[in-house]
Amino acid sequence: MSPISRGFHGRRREAADSARLPPGQYLTHDFPVLSAGPTPHNALAKWTFSIEGGREPKSWTWPEFQALPAETVTVDIHCVTRWSKFDTSWRGVSLDVLLDAVGYDHPYALAFCDGGYTTNLPVADLTGGKAWVAFSYDGGPLPAEHGGPARLLVPHLYFWKSAKWVRGLRLRDVDKPGFWETYGYNMYGDPWREQRYAGD
Amino acid sequence: MAGHRAGQHLDIRLTADDGYRAERSYSIASAPGEPLAITVERLEDGEVSPYLTRELRPGDKMEVRGPIGGYFVWEPAMGGPLLLAAGGSGIVPLRAILRYRANLGSQVPVRLLYSSRSWPDVIYRDELSRPEAGVAVIQTLTRSHPDDWTGYTRRVDAAMLAEVAWPAADGALAYVCGPTSFVESVAAGLVGLGYPAGRVRTERFGATGQ
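Chains as they are written, first to last, in our numbering: chain F, 854 to 1053; chain L, 10 to 219.
Worth flagging that the hints you see were computed from the coordinates, not collected in a lab. These figures come from a predicted structure and were not determined experimentally. C-beta atoms are modelled at their ideal positions from N, C-alpha and C, and glycine is treated no differently. One thing to keep in mind: the hints can contain errors.
Partial pick of chain F residues on the chain L-facing surface, computed with a CB cut under 10 angstroms [to be verified]:
#1 R859
#2 F861
#3 Y879
#4 P893
#5 L897
#6 A898
#7 Y1036
#8 G1037
Straight-line C-alpha distance at most 20 angstroms; calculated SDA-like pairs for lysine to any residue [as the list claims (entries may be wrong)]:
#9 K899/F to W915/F
#10 K70/L to G863/F
#11 K70/L to P856/F
#12 K1029/F to Y80/L
#13 K938/F to S34/L
#14 K938/F to A206/L
#15 K899/F to T151/L
#16 K70/L to R864/F
Extracted from the complex, chain F is given alone in its bound form (with noise of 0.2 angstroms):
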């Protein structure tokens, strides 16, 4: 049971806004940026998206990533740090297709990025049409500071998980934490239980 704020009213929502906002997060319409280092700028020319640890371990160059089968979609998003974003817009290659390529039977996944980052996920959370590599937002080529060239898209899980510059996936038996989860951060980070921290 919280104890009450003396004076405290706060701003109401409307009330559709309520039931599609997970707990203690508010709406922003804007798009906050966070990130733990400096945005990485690389040319497309070197840029690879590889799955390692599959029966047959694969890579796609960007154009070959390109001629993927792309799919739209447009889904709410939920940043750790308590902002959510509505209806947000993006284009890329479900992971599905990606991992159907590879052939598999691991449960979890490391992805790994430009700039070092990693973050673990289950695989179950990356299949099944949940999950994408998302190489556009909002009609246009996904901007740098929000992770393009590519970025993971895993709209279910908080933000951190869906890795900006994201390169690859390490599938692995184990689950290990990845760059955040380190640093005391959930697992697995679902908005809806507010699994923030560690022993949420």
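The hints should help you fit chain L onto chain F, whose structure is shown.
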């Protein structure tokens, strides 16, 4: 609450009498070992900062969680020299680092580059006007400045960083905190000067009531 490290933040949760809640994160302003303190910039269109800065009185209740964050922190063992770059209230976690360094008697050399809109917007004006030995404070005022101002008067750019930042060869560790546009520009500028990306730690806040 467990002891904190220099650079960490807290989560504050307010609950209205009908159960409505709002939560925000605030950087810790005090050094490890000092009583816990935060510094709150009041955003007039904010939801939590006007309450904390106008309404809150001793005896009022709120929920506090933390300390949180383990990357944007400085420990003496990490050494230096340190380049601290702050935009606006991004000074707060860097002030915790400066106080920690002073309390420890650390000799690690520090350069602080601090960008504010105007002189009245400068947080910790008095403290920063009397820096500890080994700490250089360089300020820029981007919108307006006093007539006798001798510091910079523009947004931080590559030329300013080249003048102020430690040369890349010194192996400095950089902490950059502020609004997104400030952090993007400073972090990219430092990488342009040859700082390895892994030596530039950033903390950003959007203009959304953080």
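Hinted pair K1029/F and Y80/L, Cα distance within 20 angstroms: With a Cα-Cα distance of about 18 angstroms, the restraint between K1029/F and Y80/L holds, given a limit of 20 angstroms.
Closest C-beta approach of P893/F to chain L relative to 10 angstroms, hint status: Nearest chain L Cβ about 7 angstroms off; hint holds.
When the least beta-carbon distance from L897/F to chain L is tested against 10 angstroms, hint result: Constraint on L897/F not satisfied, violated at 18 angstroms.
Cut-off 10 angstroms, beta-carbon criterion: hint that A898/F touches chain L: 20 angstroms, violated
Pair hint outcome, K70/L versus P856/F [Cα-Cα no greater than 20 angstroms]: 6 angstroms, holds
Straight-line alpha-carbon gap K938/F to S34/L, limit 20 angstroms: Given that 20 angstroms is the threshold and the Cα spacing comes to 18 angstroms, the pair holds.
Interface hint compliance - R859/F to chain L, C-beta minimum distance less than 10 angstroms: 5 angstroms, holds
Pairwise hint evaluation, T151/L against K899/F, where the allowed Cα distance is 20 angstroms at most: Violated, at about 38 angstroms.
Hint check, F861/F versus chain L [nearest Cβ-Cβ separation less than 10 angstroms]: 5 angstroms, holds
Straight-line alpha-carbon gap K70/L to R864/F, limit 20 angstroms: 19 angstroms, holds
Straight-line alpha-carbon gap K938/F to A206/L, limit 20 angstroms: 29 angstroms, violated
Interface hint status, Y879/F versus chain L (Cβ within 10 angstroms): 7 angstroms, holds
The structure does not agree with the numbered hints 5, 6, 14 and 15 stated previously, though it agrees with the rest.
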